[in-house]
Amino acid sequence: MADPAIDHDEEDLFSTPDDAADEAATLRGLADAAAGRVVDNETVMRWVESWSTANPLPRPKCG
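Residues 735 to 797 (our numbering) make up the sequence shown, in order.
If you're looking for bench data, these hints aren't it; they were derived computationally from the structure.
Ideal Cβ positions, reconstructed from N, Cα and C, are used throughout, including at glycine.
Please note: incorrect hints may appear among the correct ones.
[As the list claims (entries may be wrong)] Computed Cβ-Cβ distance ranges for the label pairs, DEER-style: (1) P792 with G770: 16 to 24 Å; (2) A767 with T787: 24 to 32 Å; (3) G797 with A758: 20 to 28 Å; (4) K795 with T760: 22 to 30 Å; (5) N789 with A769: 26 to 34 Å; (6) D746 with G770: 34 to 42 Å; (7) W781 with A759: 18 to 26 Å; (8) E757 with A788: 41 to 49 Å; (9) D774 with E744: 38 to 46 Å.
Given only the sequences and the hints, what does the whole structure look like? Please build it.
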């Protein structure tokens, strides 16, 4: 059920699509991937799962 305290018709930062910004972000992501600036999913999942432990892992590095 929707929260009546939230006005869903009110404009916000994400209510207006910005196709140019979306395309630019996609192109940056593709360039990063092509250059090897990526972190594999298994490494990211280990990192995220460590957040709830006494010894969280450091943020993974790209490459």
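Hints and how they fare:
1. P792 with G770: 16 to 24 Å: Holds, at about 20 Å.
2. A767 with T787: 24 to 32 Å: holds, 30 Å
3. G797 with A758: 20 to 28 Å: holds, 23 Å
4. K795 with T760: 22 to 30 Å: holds, 23 Å
5. N789 with A769: 26 to 34 Å: holds, 32 Å
6. D746 with G770: 34 to 42 Å: holds, 36 Å
7. W781 with A759: 18 to 26 Å: holds, 22 Å
8. E757 with A788: 41 to 49 Å: With a Cβ separation near 43 Å, E757 and A788 satisfy 41 to 49 Å, so the hint holds.
9. D774 with E744: 38 to 46 Å: Holds - the Cβ-Cβ distance for D774 and E744, about 40 Å, lies within 38 to 46 Å.
Checked against the numbered hints above, the structure breaks none of them.
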